[in-house]
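Engineer: Chain by chain, the residues:
Number of protein chains: 2
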Amino acid sequence: MENSTDIQAYMDELGRAARRSSRALNRASTGDKNAALEAMAASLEADQEALLAANREDLAAGREAGLDEALLDRLELTPDRIAAMAEGLRQVAGLPDPVGAVRDLARRPSGIEVGKMRVPLGVVGIIYESRPNVTADAAALCLKSGNAAILRGGSEAARSNAAIADHIRAGLAAAGLPEEAVQVVATTDRAAVERLVAMPEYVDVIVPRGGKGLIEMVSRKASVPVIKHLHGVCHVYLDDRADRRRALDIAVNAKTQRYGTCNTMETLLVAEGVAGDLLPELGQRLGEIGVELRGCERTRALLPHAHAATDEDWDTEYLGPVLAIRVVDDLDAAMDHIDEHGSRHTDAIVTEDYSRARRFVAGVDSSSVMVNASTRFADGFEYGLGAEIGISTDKFHVRGPVGLEGLTSEKFVVYGDGQVRT
Amino acid sequence: MENSTDIQAYMDELGRAARRSSRALNRASTGDKNAALEAMAASLEADQEALLAANREDLAAGREAGLDEALLDRLELTPDRIAAMAEGLRQVAGLPDPVGAVRDLARRPSGIEVGKMRVPLGVVGIIYESRPNVTADAAALCLKSGNAAILRGGSEAARSNAAIADHIRAGLAAAGLPEEAVQVVATTDRAAVERLVAMPEYVDVIVPRGGKGLIEMVSRKASVPVIKHLHGVCHVYLDDRADRRRALDIAVNAKTQRYGTCNTMETLLVAEGVAGDLLPELGQRLGEIGVELRGCERTRALLPHAHAATDEDWDTEYLGPVLAIRVVDDLDAAMDHIDEHGSRHTDAIVTEDYSRARRFVAGVDSSSVMVNASTRFADGFEYGLGAEIGISTDKFHVRGPVGLEGLTSEKFVVYGDGQVRT
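Keeping their order, the protein sequence lines are chains H and L. So the first sequence is residues 1 to 422, counted in UniProt numbering. So the second sequence is residues 1 to 422, counted in UniProt numbering.
Fair warning: there could be bad hints in the mix.
In silico lysine-lysine, DSSO-like type, Cα no more than 27 Å apart, as pairs [claimed, not checked]:
| # | chain 1 | residue 1 | chain 2 | residue 2 |
| --- | --- | --- | --- | --- |
| 1 | H | 212 | L | 221 |
| 2 | L | 116 | H | 221 |
| 3 | H | 221 | L | 212 |
| 4 | H | 212 | H | 228 |
| 5 | L | 212 | H | 212 |
| 6 | H | 221 | H | 116 |
| 7 | L | 221 | H | 116 |
Just a sample of chain L residues kept apart from chain H, beta carbon distances all over 12 Å, derived [as the list claims (entries may be wrong)]:
| # | residue |
| --- | --- |
| 8 | 3 |
| 9 | 26 |
| 10 | 110 |
| 11 | 257 |
| 12 | 310 |
| 13 | 336 |
Simulated from the structure, these hints should not be mistaken for laboratory data. All C-beta atoms, glycine included, are put in the ideal place defined by N, C-alpha and C.
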């Protein structure tokens, strides 16, 4: 495609095809959707050569373009990774079908029965970066939830994504579902993204999966709803009624189990009453692991080797081996700190006090609020959603890890016996 | 306020105050919220003079400005209407508090327990037109659902709305809740609306209640989510396995019980197999009531007095005594027509056929789908929501009549016993 008029026409064509096939998907049986997922998995496993060859071309082009090793690693497909992709498709096939579930069906005084039925959103647009396995994951979640999908991966994985799309189409065809139910955008031009997020007549929701830059760009340009995931400045508050062992283990795990994830603790809050008891041992354990500490004045009185935290530290998502530590007076001060500096992602309290645990859970306005557990559990698999298309830091429509249910809506169903309104 | 800089500063001040008070409301007890609603109702009933005087001023200014009688009637408050407003507040006090309800709490393999807790959205902005009772209704629904509210009524009701706001503040104060939990915008400048819909730092969702022009303007300017209600082109399909009596009664009721409402039927679809039996009697009944009929050719062969329908008729929300009628081959043709011409608001089938009823319910993508009941039932009170802040024709977040639940979101709550992730 040579110019933006061509790209717009191309995207509109994808949009129309997606809208058409979304009607068929809305009515597709659970059996047909699962058969398509199984057939995709079988196709990926049976015939890997074309996909591996396409991936080698992506890798070569990436090396030439000077991509760093971490990015190249994320881009690379191996037989094991393809098997994992196929396994992911089969796991989604094994999840309960959310479509058609009815809740709260009840008789009204007029005699009609009213309930809410879960239904697909329609067409989902997903914009993501280098990992090609997202193509299969996203296709599976959209299909299982009865939505048509338009997928736009990173340009560095374009050949791999196109090859995966062949397997997806084969699976759809094998199950008798429209091949256009999942479409992969064939151009890497940015104008395609700008059009994708601004055609509400064809697309019902956009899910961007990637760095802050991508998400901010999409949010700015979008005229359709966006399920967005901004940053995670997550807290653990060690209350003065915390169990000592739990407090230390959770703090260490929430910071160090993995550094680069959004549910990693970035700031530790410690009640003044236990700071003197907990911080020295904690400082030693974190120091041994190689975590740099940045503390408030009261922290540094107990941990002289900690650097002085600046105001900026309280608002920073380090995504690395750095931890901000603040000693606070009590639960209220901790909650105020979280309210002011948190990103409403995931926050935890460690306490044995019943009423304080209840106050923290009710009062902290974050997508996940935890008692006596590591923030690292905030994840679709750990929560039992089976798979995750993203984590929403918004409050509208869906909050926290987004699984199949987040890709659906509810309509009212009414069963009558000839009732009319008087 | 003299210029747009002043108005922006004023709106920002309202926004900051709303955000502050939303934190208190999030934690407010059900008892305190109900006490505030009861106190508002008592205040409205005890002291009506200032409100009636303000309303007389609005009416006089409206007459001077040449408002038509229908608008003046909607604007007018009487002791009876004030009593109904107070009764509405008490009804909301009687509804279950949605905040804090936890569903699906279940133990995961790691040992943590994970569930979803219903929480307020935060700050709700409501923009509405002439009826001043919306001020009390909207305040009540926002308060009960734990949200702070910024209300912007029509300029023609400005004095009445300000007087109602005094009672709302009195009620909040009586219950010890922040008076800024409900704020009524004091300027009628349109710049205030434009700012209200574009301050995501202070406002979490906008609900416009009014005509198409208002809703389109708000949608165009908004940078925060909008719960919007566009038009209702509602259908009733009379299947050839319909019960004759039910078919006739539902068709007449759906069209004529009230003309100006969004859930009124605008197009009747009739299966060819029963058109000859049903249409003559139906044409006679509707003719007696004074409904103008516009039919397809097959309809006009049976109802010679019907006008010829044009393509435009199938897409028109008449909001008046006009009905489009189309004879269709079968259920599939009816569903295709609804898919192409409907507005995804409310559609009904009349049939005694089990499988067709199921296919219609599953396959029609509208916010309310009905079997053997009049479309006029699509309403928050009839559905048992207790009250309604609007009807959403979107799919994202909430569809159909919006009650307290539509003003909330869900966060994940996690209860552990010291679990860490491995």
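Engineer: Hint numbers the structure violates, sorted upward?
Structural biologist: Going through the list in order, the structure violates hints 2, 5, 6, 7, 9, 10, 11 and 13 and respects the others.
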